[in-house]
Amino acid sequence: MTDQIEKVIEIDAPVSRVWRALTDYREFGTWFRVRLDGPFVAGEKCGGQITHPGYEHLRMEVVVQRIEPEHLFSLTWHPYAVDEGVDYAHEEPTLVTFTLAPTAGGGTLLRVVESGFDRIPAHRRAKAFRMNDGGWQAQMENIARHVGQAA
Amino acid sequence: MSDKRPSKLAALRTRATVFAALGDETRLAVVVKLLSGEAQSISRLTEGTALTRQAVTKHLRILQDAGVVRSTRIGRETLFALQTRPIEDVRAYLDQISQLWNDALARLKAFAEE
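From first to last, the protein sequence lines are chains A and B.
Per my numbering, residue 1 is the first one in the first sequence, and the count goes up by one each step.
Per my numbering, residue 1 is the first one in the second sequence, and the count goes up by one each step.
One thing to keep in mind: the hints can contain errors.
[Unchecked claim] Derived DSBU-like pairs (lysine-lysine); straight-line CA-CA distance at most 35 Å:
| # | chain 1 | residue 1 | chain 2 | residue 2 |
| --- | --- | --- | --- | --- |
| 1 | A | LYS7 | B | LYS109 |
| 2 | B | LYS33 | B | LYS58 |
| 3 | A | LYS7 | B | LYS33 |
[Claimed, not checked] Label pairs and their computed distance ranges (CB to CB):
| # | chain 1 | residue 1 | chain 2 | residue 2 | range |
| --- | --- | --- | --- | --- | --- |
| 4 | A | VAL8 | B | ARG91 | 13 to 23 Å |
| 5 | A | ASP24 | B | GLY67 | 40 to 50 Å |
| 6 | A | ARG66 | B | ASP89 | 26 to 36 Å |
| 7 | A | ASP37 | B | ASP89 | 47 to 57 Å |
| 8 | A | THR103 | B | ARG107 | 17 to 27 Å |
| 9 | A | VAL8 | B | ALA50 | 12 to 22 Å |
[Unchecked claim] Residues from chain A that keep clear of chain B, each with C-beta distances beyond 10 Å, as calculated:
| # | residue |
| --- | --- |
| 10 | ARG59 |
| 11 | GLU61 |
| 12 | THR76 |
Keep in mind that the hints were calculated from the coordinates and are not lab data.
For every residue, glycine included, the Cβ atom is placed at its ideal position computed from N, Cα and C.
Isolated chain A, as found in the complex (with noise of 0.2 Å):
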């Protein structure tokens, strides 16, 4: 069972360029598709028109939470609020960590963990999920097996 989404990623770019991809404002927005209004500050909010096709007439707001150079950028957003309509400041925001490591060839790996869509505290949950092995577990069996199989 899993309540969080993660992925890796191998770039095969330095370190360096990868984490000016991410943390740059503007070349973040070139990949994510949004046009961000300035650039990422720690603990700041950043927002922007989305421009993925179909979906320019909404907005993206993330709260940027920690930038450690070449290492480690996170931020919290509603996860894809792409409903118009829907205040979505009331919902709980998850949390998006990009974790970056160098590989021997002189790439990149890139982890994504996306968390906090569900607020059991990861290791009750854990335990609450061992004690059965009925339809339940499946269920999050599959969670966990569609998630490691897309990364």
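Chain B: place on chain A using the hints.
Quick look at chain B alone, frame taken from chain A:
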């Protein structure tokens, strides 16, 4: 015309309610007891716990409101059973976000490797 919006909002609220309903140790314990698939009475759900019947009733109501548990009356007894639909909805939601991440990271990779 705009009947899509309220249903989306409703779906969002439902999901938040499911997460909130499960974010409690006692309720999670109740859910675990119901995993066998067999409908159970309040007495049985209270058995072996330090909880009062009233406390279990209160937690069952929250689970019911979230749609995770449904009750049926059989004679003089009310039985509670687990509903899998809200869990499947939550799973579909995570699937969707997972796919969006795959797409975004593929674009990031292409962008950084340019």
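What's the verdict on A/LYS7 and B/LYS109, does the C-alpha distance respect the 35 Å limit or exceed it? 13 Å, holds
Cβ separation of A/ASP37 and B/ASP89, checked against the hinted range 47 to 57 Å: 34 Å, violated
So A/GLU61 supposedly isn't at the interface. Is its beta-carbon more than 10 Å from every beta-carbon in chain B? A/GLU61 is indeed farther than 10 Å from all Cβ atoms of chain B, at 16 Å.
That 17 to 27 Å hint for A/THR103 and B/ARG107 (C-beta), does it hold up? Because 20 Å falls inside the window, the suggested range holds.
Assess, step by step, whether the Cα of B/LYS33 is no farther than 35 Å from the Cα of B/LYS58, and give holds or violated. 16 Å, holds
With a cut-off of 35 Å on the C-alpha distance, tell me whether A/LYS7 and B/LYS33 pass. 33 Å, holds
Would you say A/THR76 is clear of chain B, with no C-beta pair closer than or equal to 10 Å? 15 Å, holds
Within 12 to 22 Å: is that where the Cβ-Cβ distance between A/VAL8 and B/ALA50 falls? 43 Å, violated
If I take the minimum Cβ distance from A/ARG59 to any residue of chain B, is it greater than 10 Å? Label holds. Min Cβ-Cβ 17 Å, cutoff 10 Å.
Is it true that the C-beta distance of A/ASP24 to B/GLY67 lies inside 40 to 50 Å, as the hint says? For B/GLY67 against A/ASP24, whose Cβ atoms are near 44 Å apart, the range 40 to 50 Å holds.
Range hint compliance [Cβ, A/ARG66 to B/ASP89, 26 to 36 Å]: Check passed, 32 Å falls within 26 to 36 Å.
Confirm or reject the claim that A/VAL8 and B/ARG91 have a C-beta distance inside 13 to 23 Å. Roughly 21 Å apart at Cβ, these two residues keep to the hinted range, so it holds.
In terms of the numbered hints stated before, the structure departs from hints 7, 9, listed from lowest to highest.
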